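Using full-length UniProt numbering, read the sequence shown as starting at 1 and increasing by one per residue.
Think of the hints as simulated: they come from the structure by calculation, not from any bench.
Honestly, I wouldn't trust all of these hints.
[Said to hold, decoys possible] Quick list of in silico lysine-lysine cross-link-like pairs, BS3-like style, CA-CA up to 30 Å:
#	residue 1	residue 2
1	504	398
2	65	114
3	452	462
Note that this is a predicted model, so its numbers are computed, not measured.
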Amino acid sequence: MSDEKIELKLKDWLFNAGLLGFINILGEEARNNGELEIDDKNRLIRFSPKVLENFEYKYFDFFIKRYGKTLTYGKILEFEKYIDEFEENGEKIRSINELKMINDKITFFKAKIKSASYKKAYDFIEKDGTNKILGLEKELKKIKEPKENIDEISKDDVKNNIKIMKEIIDFFKKKITDKNGNVKNYLAAKNIAYVIINNAWSSVSFLNRANAAKDIYEEHKSYFVEPALEYVNADKSKFKYKCVLSNMLMKDYKNTLGFLNDTGFDVNRKPSHVWNFVNDIAVTPLVTLVYSCVPAGFIYGADKGIFVNANHNIDQLCKINNGIAYNILEDESEEKNINLYKNLLKEIKKEKDNTKYELSDIQIVKFEEGHYKFTLLSRNILKLLSENKEKLDALLDKWYLIDRRYFYLYDTTITELLNNQNLFSLINKLCYYKISKTKLSCKLKNIEDLLKINLDYIRRLKKMDKQEIIEKKENKKTSEELTEKDIFYIRRDAMIFREEYIRKSGNDKKIGSLLYRLQNALRINNVDMFMDALISAHAYAGKNISSLFAKALLNDENFQTLGHGFLLGLLGEDKSKNENKTDKKEGNE
1 MSDEKIELKL
11 KDWLFNAGLL
21 GFINILGEEA
31 RNNGELEIDD
41 KNRLIRFSPK
51 VLENFEYKYF
61 DFFIKRYGKT
71 LTYGKILEFE
81 KYIDEFEENG
91 EKIRSINELK
101 MINDKITFFK
111 AKIKSASYKK
121 AYDFIEKDGT
131 NKILGLEKEL
141 KKIKEPKENI
151 DEISKDDVKN
161 NIKIMKEIID
171 FFKKKITDKN
181 GNVKNYLAAK
191 NIAYVIINNA
201 WSSVSFLNRA
211 NAAKDIYEEH
221 KSYFVEPALE
231 YVNADKSKFK
241 YKCVLSNMLM
251 KDYKNTLGFL
261 NDTGFDVNRK
271 PSHVWNFVND
281 IAVTPLVTLV
291 YSCVPAGFIY
301 GADKGIFVNA
311 NHNIDQLCKI
321 NNGIAYNILE
331 DESEEKNINL
341 YKNLLKEIKK
351 EKDNTKYELS
361 DIQIVKFEEG
371 HYKFTLLSRN
381 ILKLLSENKE
391 KLDALLDKWY
401 LIDRRYFYLY
411 DTTITELLNN
421 QNLFSLINKL
431 CYYKISKTKL
441 SCKLKNIEDL
451 LKINLDYIRR
461 LKKMDKQEII
471 EKKENKKTSE
481 ELTEKDIFYI
491 RRDAMIFREE
501 YIRKSGNDKK
511 IGSLLYRLQN
521 ALRINNVDMF
531 MDALISAHAY
541 AGKNISSLFA
551 KALLNDENFQ
561 TLGHGFLLGL
571 LGEDKSKNEN
581 KTDKKEGNE
């Protein structure tokens, strides 16, 4: 095998995800022993061909380490802890709820161990393993639950089911070690293949249906690793074509990217996708191997994935993405939060604090519902989010409900800003939910914070328009621009007016009609409708209109900001901690 090191440079987002995955799979050991080198100055990696030896084992080991605990495989194994405690405590059921939990686990075990992917792996672990596990599944039976008295629980049924589940767990823990000491964890690898890896690619190697019953390790080796090794060791002097990604010499155009989900295509079935119906999009087997590592570059969870294409340099790419993965998948601290955006901002801030790196635009790639979605996290938005961190963090556990589906304010707010949309529509929607008493976990203070964040966003947009700044006179600028104090004062004035209005009407029902009229005027951005309702209400209460509304007539942004600030004040004050307390059911956005 050649000792000459191979170089691969950062390219587009998908190749960068694969390159990051390749680095992750090789791990720290390859860097420590000099087989893998990261050259940030030239934005490339150098590696010895030796790292490709036994690569199929490193490949699955990485995924099992990162995702093992979160998948069915891990959830089956984790029940062993309960079984051990159960046996240590004298094999006693302490409550009906504990029995319900055991029955839930029995149902879980019975459903999962019969899955097609697992059944195709059992015989690799043990001779006649499939019949053994399916036999144990049939023996597992839910335990009869008494209405009240736990003494009525059949101890023999409990012990028997616990014994069967322990036997299944022991089987799942089995690994096969070859003569060279390489370990194959078939069941974990199968779970990883169909839950994680097939998000990025499919239809070839072990994800080809025709190969489903074959050795998953050997299939990865024969399709990806061996061709890459053969290519590395080949005499390329007679190769006349060049790889479209790496610019390396290659033998022919047979190696395409058709196996990649949502980006690749079959050049034989869809020749119209290439120029003049002649395929010129082909890569070397080495690049194909790198693309097979794309799922190791993304972070997946709850049928979604994210990759931060922070391609300023490779070290930054690794630290930001792997930092997010750690915060979401591995951190066991009490402060752990699985929010992708929060962890993204945390890692970007960490990079900025620890290095001389200047904030720059960053491409965010999200994988949702089988498709990739792209967002540009601009330097301007990064600064906005960073400087409003406390206000944003207060939104983390806040949500609203539409059609029995939960939407989280933190995610919704950041998504709106990343899409270069102001927050007026969201703020108006939340005000409407407050007025109509719709299911909502959000305080008026949170909505006021959204107004302030939005004011900051608008101010930054105007600063970006250099021509506007040049042409704007200083006195006009001072008179038009709002501050956070204006939002505070307009809300305070509205709260004082609310008391007078309720005192005048004798009850708080009439103010509900006024709230709806003002909210609707803001929703359709109708200044005249809003002012008519405002003037009429103040005349009825015998109060003067806040002088701040003079600024509201200067432009739409001021009208929406002050109008919603007034609406918030008219809604009153946040009640006790139990206000709007609602039991949250399943579902999320």
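Numbers of unmet hints, in rising order: Violated hint (a single one): 1; every other hint is consistent with the structure.
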